[in-house]
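Add chain B to chain A, keeping to what the hints say.
Residue-level listing of the chains:
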Amino acid sequence: MKSTPPNNAIKFLRWFCREDYLDEIEGDLIEIFEKRFQENPKKAARSFWWQVLRHFRPDYIKSFKSPQLINHGMFRNYFIIALRLFIRNRLISGINVSGLALALTGTLLITLFISDELSYDRYHKNADNIYRVTRNFLSSDGSETLHLGLVAPPFGPLLKNDFPDISEVARTHKVYSSLSIVEGNGTPDKPINVAHPFYAEPSIFTVFDIPMLSGEEQTLLENPYTMLVSDAMARRYFGTLDVIGKQLKLEGKYLEIIGVYEAFPTQSHWHPDLLVAFSTLNDEEVYGRKRLESSWGNNDFSTYVLVNDQFDVEKTQAQFPDFLDKHMRVGSAKPSTWTNLFLQPLTAIHLRSQLDHEVEPNANINHVYIMGAIGLFLLLIASFNFINLTTARATTRGKEVGLRKAIGALRQQLVAQHLSESILVALVSFILAIVLTSICLPWLNEFAGKSIQLATYINPVSILVGIGFVLLIGLVAGFYPALVISRLKTIKILKQQAGSVKGNSGVRRSLVIVQFTLSIVIMIATVVVYQQLDFLKTSELGYAKDQIVRVDYHEEFANNYESVYHDLTKHSFIKNATRSSLIPTGKLLDYQGTSVQQGDSLVTTQMIVKDVRVDYNFFDTYQVPLASGRSFSEEIKSDDSLAFIINESAAEMIGWTNEEAIGKVIQNGSVKGTIIGVAKDFHFESLHESIAPVVFHIGPHYNHISVQIATRDIAEVIGHLESIWQKFVPHESFQYSFLNDRYEQLYTTEQRQSKLLLIFAALAIFIATIGLFGLATFNALQRVKEIGIRKVLGASWGQILTLLSKETLFILLLANGIAWPVAWYAMKKWLNQFAYGIEPTWWIFVMAGVLAAVIALLSISYQSIKAAFSNPVNALRNE
Amino acid sequence: MKVPSLGEFEELVLLMVAALHDEAYGVAIMEGLETKLSKKINISAIHVALKRMEEKGFVKSRFGGITGERGGRRKKFYVITAFGKEALDQQYAVRTDLYQQIPKISFG
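Keeping their order, the protein sequence lines are chains A and B.
Counting in our numbering, the first sequence runs from 79 upward without gaps.
Counting in our numbering, the second sequence runs from 719 upward without gaps.
Only chain A is shown next, with the shape it has when bound in the complex (with noise of 0.2 Å):
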């Protein structure tokens, strides 16, 4: 073992000690410790170590203030030369200032979006003791055909019971039935059309924070019938708040309203308008006691629990196959064999739950990775701007950098300088794009569907972010130049060898590439996502969406369809009508499960077939042609029930050409029937999904009727369907919708991406230009003397434009080169979430290069023209 003593303390002793006495200090110390060795080598070590620290103490701490004059006149003579070289040098410093004021407004909206984003569901005190629970489904090869963010209602009691660290669950159900508003005094009652109706249990109120504005706190949604409103929705249909004691009707019963709550803030995943008693469902007519404690397949109630802090979401997860063995009592197979429970935290719903049915439709968490990466190129495109443009300038400060070193400047004074100068630049910036920010934020709330304000996001938080921001930016951009500036070697600059401030045009050409690279792929990425959308738009669906309007289906209707239907198509302007489960645009969810007739038994289908009941018009209607046999008719008698319509996936699924199906027997849930004929595949549900195997029948339960019309009169249409629905349906609001709108909707996400990479695209590609605009600039202005000699000596026009746009294509093509590959990555990953997506074609590619091509060489352009034109005597006069 050496005998030298713990090299940390000797260190530490070093760093604090006081020159004049370290000598005396540590040779002592080595010294007792060399003696000390001998006899026991640990405890001199750590006697050292404590001989050290007593020394620690304020006689021989040496001084740590640098050793830099605080000079005030030093201070006020670099913000002067700050500002001269600001005002001197308009175009740089504007394009500096307003390319990063531009990009910090975009990060800045952007920013906004996600927070926004991220804070759903966050309000309430419990939040990461939420859970809701959810459900799935699985096919006989045990995968998932069906993941629901609804549960049926048993479960909910049932978990409480039997898992003691959930203390408390809370169920929601949707009101279907229709409300209207109690006028009272012969009045007839007021049909009214609410959004969001819910049933929801009390312990609603432990589980999620609803701040009551009146109403007794401990009976509220105890009893039934009785109900609470929200504030807006008070104010909607009562004109008042004071709306305690008035009365609503749903399905025949007097509903109470006993308390007005603060309506939910739309960083919520659900808005209810109202809140019925959960216990209103025992009602054998509206719901029914029996079917809440035992429907294990009405999969229709949103069911949340609240957990205490020992609660193990995997542990409990893993206990769920068993729990539902034990409690679910339905068919021979084991529950846990073809369906199971999970547990989905709640902050997880809004961005992370893309399930087969959610109360409301939710968004995607890579939508907010996507703005995320713009953010942040477009941050980065603005730095490099700054970047460039600093260092580029700084060879033309050189003399004023050699002065100051010669008349003493540390270096460290001047990358203080610089900083500072930078600093104050992007604090500029800052400001201008917080202006910015607050003037294009309604315009971001009305697009994003959000209602974000600035104002709730001052707070001392946000506001020491944005400080650490701002000089985090201004390092960033400032930390190179600085460095460049620093290390000028004071007698080259002032011999003007410039040559010696040369070495850095290797780095701002990287970061031209990097810029252009990302503008590039930003441009690609905006055409694709835009050519998905118009392949979505047009492409060939098999059904007619256009001219058809969809009619809420009601019991009135189903008593007397005849006539309805009568009434319906004896206006010209309506060609056909027809009545279904589902609609096009909708989604599959219901399905029975299918068997086929293979000999005497009956096999399972491999794959879930989906089931839409439909009526004798519903293939005219829609326009759906027929791959084989016939449709369903009401001449035939056993059509009703006993017949049954697949589509061609469903065929190919089982494994039957379109004409082997043809009188096929299969089984649909417990009914058993014929195959009359098989329709030709079409796109019942968005174009994210493949078109699944479904099976048509003829009812018996309907939800829409669809209105095949043929005129553009739609006003005229409206008026009569309505006519229609008054005379059945008196009681309740007329429901409509068109189709089309509908289907367009399927693709409201991808709409508002494309727009905002649109912009984002824009905004990146001038922030760009005017950086390279701006370097070209500089550049031309540099060589003005070696253009003017070079024209003297016979140059071309021609020639010198060659010589000044060569760098640029370069660094284009360098750029297109390492952006195409990227974007084909991105947008290859993008259209995965398609079923049915483009193939990014290599025009997109070549255009998006030669577009940022024609840009670049557009902003150098005007500066390569003007020194290509110049008469070489004014350059070179002056020498």
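Keep in mind the hints are simulated off the structure, nothing from the lab.
Possibly wrong hints are sitting among the right ones.
The calculated DSSO-like cross-link candidates involving lysine-lysine, where the alpha carbons are at most 27 Å apart (straight line), are [unchecked claim]:
{"hint": "1", "chain 1": "B", "residue 1": "K769", "chain 2": "A", "residue 2": "K120"}
{"hint": "2", "chain 1": "A", "residue 1": "K615", "chain 2": "A", "residue 2": "K833"}
{"hint": "3", "chain 1": "A", "residue 1": "K113", "chain 2": "B", "residue 2": "K769"}
{"hint": "4", "chain 1": "A", "residue 1": "K567", "chain 2": "A", "residue 2": "K615"}
{"hint": "5", "chain 1": "B", "residue 1": "K754", "chain 2": "A", "residue 2": "K113"}
{"hint": "6", "chain 1": "A", "residue 1": "K113", "chain 2": "B", "residue 2": "K757"}
Chain B alone, transformed into the frame defined by chain A:
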């Protein structure tokens, strides 16, 4: 001129410096005192005392040459100044004087 005060420990160190004469440096002083007083003394206390006394003008110091020992660090040697000697003398005089005044009572 008023003679600055001399603490008890400082006095001991100063006596040691005077006793070691020209060979007094941190470790030597420490070891000398440790043997005389037969108790552990911390080197940092010696350093502090030396530094204070140097400020008061009781000792002056010089650096020794660099040797291979002590990690190549120089020794700092202290010698007592005339002023220091005077302070010691005074202290000694006061003590002796006081000692003389102890009544001759038998302590046996």
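Hints, verified against the model:
1. B:K769 <-> A:K120: violated, 30 Å
2. A:K615 <-> A:K833: holds, 16 Å
3. A:K113 <-> B:K769: holds, 24 Å
4. A:K567 <-> A:K615: violated, 64 Å
5. B:K754 <-> A:K113: Roughly 19 Å between the alpha carbons, so the hint for B:K754 and A:K113 holds.
6. A:K113 <-> B:K757: Cα-Cα ~17 Å, so holds.
In this structure, the hints that do not hold are numbers 1, 4, in rising order.
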